[in-house]
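Q: Residues per chain, in single letters:
Protein chains: 2
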Amino acid sequence: MADSYRAKLINSLSGFKSANLIGTVNKQGQTNLAMFSSVVHLGASPALIGFITRPHIVTRHTLENILQTKQYTINQVNKNIWRSAHQTSARYDADQCEFKHTGLTPMFIDEVNAPFVKESLLKYALTLEEIIPVAANNTQLVIGKVTNIICEPHAIRKDGYIDIESLETVSISGLDSYHVTERLSRLSYAKKDKLPEELSIDGDRLIKQ
Amino acid sequence: MADSYRAKLINSLSGFKSANLIGTVNKQGQTNLAMFSSVVHLGASPALIGFITRPHIVTRHTLENILQTKQYTINQVNKNIWRSAHQTSARYDADQCEFKHTGLTPMFIDEVNAPFVKESLLKYALTLEEIIPVAANNTQLVIGKVTNIICEPHAIRKDGYIDIESLETVSISGLDSYHVTERLSRLSYAKKDKLPEELSIDGDRLIKQ
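Residue numbers (my numbering), protein chains in the order written: chain F, 12 to 220; chain W, 12 to 220.
Among the clues, some could well be false.
To be verified - In silico lysine-lysine, DSSO-like type, Cα no more than 30 angstroms apart, as pairs:
| id | chain 1 | residue 1 | chain 2 | residue 2 |
| --- | --- | --- | --- | --- |
| 1 | W | Lys81 | F | Lys202 |
| 2 | F | Lys203 | W | Lys129 |
| 3 | W | Lys202 | F | Lys202 |
| 4 | F | Lys81 | W | Lys203 |
| 5 | W | Lys202 | F | Lys111 |
| 6 | F | Lys203 | W | Lys90 |
| 7 | W | Lys81 | F | Lys129 |
| 8 | W | Lys169 | W | Lys90 |
| 9 | F | Lys129 | F | Lys111 |
| 10 | W | Lys90 | F | Lys202 |
| 11 | F | Lys203 | W | Lys38 |
| 12 | W | Lys38 | F | Lys202 |
| 13 | F | Lys111 | W | Lys156 |
| 14 | F | Lys202 | W | Lys111 |
| 15 | F | Lys205 | W | Lys205 |
| 16 | F | Lys129 | W | Lys169 |
| 17 | W | Lys169 | F | Lys90 |
| 18 | W | Lys203 | F | Lys169 |
| 19 | W | Lys169 | F | Lys205 |
| 20 | F | Lys90 | W | Lys38 |
| 21 | F | Lys129 | W | Lys205 |
| 22 | F | Lys90 | F | Lys156 |
| 23 | W | Lys202 | F | Lys81 |
| 24 | F | Lys111 | W | Lys205 |
Unchecked claim - Each pair of labels, with its calculated beta carbon distance range:
| id | chain 1 | residue 1 | chain 2 | residue 2 | range |
| --- | --- | --- | --- | --- | --- |
| 25 | W | Gly114 | F | Ser211 | 21 to 27 angstroms |
| 26 | F | Glu209 | W | Asp14 | 19 to 25 angstroms |
| 27 | W | Lys169 | F | Pro57 | 19 to 25 angstroms |
| 28 | F | Tyr200 | W | Thr158 | 31 to 37 angstroms |
| 29 | F | Thr158 | W | Asp215 | 33 to 39 angstroms |
| 30 | F | Lys111 | W | Gly114 | 26 to 32 angstroms |
Worth flagging that the hints you see were computed from the coordinates, not collected in a lab.
Ideal placement from N, C-alpha and C gives every residue a C-beta, glycine not left out.
Next comes chain F alone, as it looks inside the complex (with noise of 0.2 angstroms):
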């Protein structure tokens, strides 16, 4: 298999993956903004969330920020900026900024020092956890702890379930395409002895005529 062939190939295996913009600053002030596909969750108490870095150009200025300033942001690409997310995987020089060159905006908020991206619906800010090599490619999973969470009020339901398909969050297949989503249902939590009944955006079960 061709590189490129087997690149596209095996990055289709794992599934719908998840689409973020990753904001950091260097301790120079000079920030960072960069496409992430890896994003996974690995526990709720404490608000633990992953990433995989590898050892190569495209994510080295995100990894020696976090590693320089400790901090950094996650924020969900959307429907309406998911073309200059995908932008940002372009190979911008460290003195280079990714905000100015794809049009995407970076805010700020007092106890965090790394930019959000404005246009995002949902996003939150992490510090640094721990980091965790991975011997088999020289990748790394990035670990870290959510401490702000940014969202559109409206689409926190009443049991804590966020409806990023309200927000037109999108999804990867592959290496670079993009996806948005249509909901089938939520489900309630399965029991062995009868079968998972659907459930409304709020987590109610449907009354059934």
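Model the placement of chain W on the given structure of chain F, informed by the hints.
A: Chain W only, in chain F's frame:
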């Protein structure tokens, strides 16, 4: 925050998640099937895929079986089996077969001891490569090398991209919401000096009038 509210909220932060069934077998030949939303691409060459296991009840059989027999399968969940897939997360005992209780069909090939899910349209076998403990919350990153891929041929496009949307692969948001997708587009490899172009499903440039 109540634990349940917190779990639903934090599980919504990472974005859309992959929906996969992991098939395993123990040394006595007892099969197991479990739903995971944390399967993540680690690298194409070698072809490495990871997933996160919790130190808890739901995933215990999966990890124990992988440690015993070193092989497992990952099976993408599609629109025809999403309810059955969800049902595998009920707390069945080790001697209860999720295949039998959910109506999914085990399928075997010569070189692989673990069961595939017949109804899954994109599935692959892996051999255990590495298990990495995550100190921050006692989860583990389980890494496997892909050995055998079984996929509907029509979904594999000429540049290697697999059109998992055509397979009706679903994605998950939060803990319990299932979604099908609608493609926005594939995009060309990002370069500094120009904006990304939309590509056809085969990765070709679209001719503009």
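Q: Which hints, by number, does the structure contradict?
A: As far as the earlier hints go, 3, 7, 13, 15, 16, 18, 19, 20, 27, 29, 30 are violated by this structure, in ascending order.
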